[in-house]
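**Q** Heads up: the sequence shown begins at 1 in my numbering, then just goes up one per residue.
Note that these hints are calculated values from the structure, not bench results. Note that the Cβ used here is the ideal one computed from N, Cα and C, for glycine as well. Keep in mind that the hints are not guaranteed to be accurate.
Distance windows between CB atoms, simulated [said to hold, decoys possible]: (1) F150 - G126: 35 to 45 Å; (2) I29 - E78: 17 to 27 Å; (3) S75 - D162: 15 to 25 Å.
Below, simulated DSS-like cross-link-like pairs (lysine-lysine); rule was C-alpha separation at most 27 Å, straight line [unchecked claim]: (4) K5 - K51; (5) K5 - K28; (6) K135 - K163; (7) K163 - K39; (8) K180 - K54; (9) K135 - K54; (10) K54 - K98; (11) K188 - K163; (12) K39 - K28; (13) K98 - K5; (14) K193 - K54; (15) K98 - K205; (16) K54 - K28; (17) K188 - K39; (18) K188 - K51; (19) K98 - K180; (20) K39 - K5.
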Amino acid sequence: MTQNKTYIQSYIIIQNNEIVLNGTSVFKIEPTDFADFSKQALRNFEIQYPKFFKMDALSKLAFLGSELLLSPIVSSEEENNIALVLANKSSSLDTDVKYQESISDKENYYPSPAVFVYTLPNICLGEISIRHQLKSENSFFIFDAFNAEFMSNYSNILLNSDKADKVLCGWVEYFNEDYKAFLCVIGKEEIEKYRDENINTLYNK
1 MTQNKTYIQS YIIIQNNEIV LNGTSVFKIE PTDFADFSKQ ALRNFEIQYP
51 KFFKMDALSK LAFLGSELLL SPIVSSEEEN NIALVLANKS SSLDTDVKYQ
101 ESISDKENYY PSPAVFVYTL PNICLGEISI RHQLKSENSF FIFDAFNAEF
151 MSNYSNILLN SDKADKVLCG WVEYFNEDYK AFLCVIGKEE IEKYRDENIN
201 TLYNK
């Protein structure tokens, strides 16, 4: 199989109460907790999606990043063959801890189904797929640190084997109010702005 070159087409970084889209800060507020930050961001971008408020923090983080990257490029008229390749370090540990607390409390023993739903990291892939009606390949990996080479190679294989027209790939880490999302769209069309960039240099910006 011939390996065609692939290119970064857009990217987003969410951390420290700020959203940076394609290198430009598009939303920033005074320090607050993630729940408040994500709610204000949703309102700021006028995203209408009531289900957002029922999601766990990891899914909210992935949802926000993917929403701003995918909304301009998905079509409601045709199938969007966009693969999802995400990774993090903590898996769904933040939610797992909350769930464990709910079943350990003998006085108030009633584990919430709403919390239990989110005790797998790949649930956020499902939330993105439902929102943008994607039926394409999707994978969620667990690494000690962001593995740029793996993510890039995996995305290239999907594109070069025609399993995807574009790939949304990146890192969505959330544990105990410490969070970072780095997502980018990779495709076969070259974008001049990112000619000399790779996902590692963008992640570390």
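**Q** Each of the hints needs a verdict: does it hold here or not?
**A** Hint check results:
The beta-carbon spacing between F150 and G126, approximately 22 Å, falls outside the hinted interval of 35 to 45 Å. As the Cβ distance of I29 to E78 is approximately 36 Å, the hint placing it in 17 to 27 Å is violated. Checked against the hint of 15 to 25 Å, the C-beta distance between S75 and D162 comes to roughly 19 Å, which is consistent with it. About 38 Å separates the Cα atoms of K5 and K51, which puts this hinted pair outside 27 Å; it is violated.
Pair hint K5 plus K28 does not hold up; C-alpha atoms about 35 Å apart against a cutoff of 27 Å. Distance check on the hinted pair: K135 and K163 sit about 11 Å apart at the alpha-carbon level, within 27 Å; holds. For a cut-off of 27 Å, the pair hint linking K163 to K39 is broken: about 34 Å separates their Cα positions. Under the criterion of a C-alpha separation no larger than 27 Å, the hint pairing K180 with K54 is consistent with the structure, at around 20 Å.
The straight-line distance between the Cα atoms of K135 and K54 is roughly 23 Å, inside the 27 Å bound, and the hint therefore holds. Distance hint between K54 and K98 is fulfilled; the C-alpha atoms sit about 15 Å from each other, no more than 27 Å. A distance of roughly 13 Å separates the Cα atoms of K188 and K163; the hinted pair therefore holds under the 27 Å criterion. At most 27 Å may separate the alpha-carbon atoms for a hinted pair to count; K39 and K28 meet this at roughly 13 Å.
Distance hint between K98 and K5 is unfulfilled; the C-alpha atoms sit about 43 Å from each other, more than 27 Å. Distance restraint check for K193 and K54: the Cα-Cα separation of roughly 37 Å exceeds the 27 Å cut-off, and the hinted pair is therefore not satisfied. Using a Cα cut-off of 27 Å, the hinted pair K98 and K205 is violated, with the two alpha carbons roughly 32 Å apart. With a CA separation close to 23 Å, the supplied pair K54 and K28 stays within the 27 Å bound.
The straight-line distance between the Cα atoms of K188 and K39 is roughly 34 Å, outside the 27 Å bound, and the hint therefore fails. Between K188 and K51, the direct Cα distance comes to roughly 33 Å. Violation of the 27 Å bound is thereby established for this hinted pair. Proximity of K98 to K180 is assessed by CA-CA distance (about 20 Å); at most 27 Å being required, the pair is judged to hold. With a CA separation close to 38 Å, the supplied pair K39 and K5 exceeds the 27 Å bound.
Comparing the model with each numbered hint stated earlier shows that hints 1, 2, 4, 5, 7, 13, 14, 15, 17, 18 and 20 do not hold.
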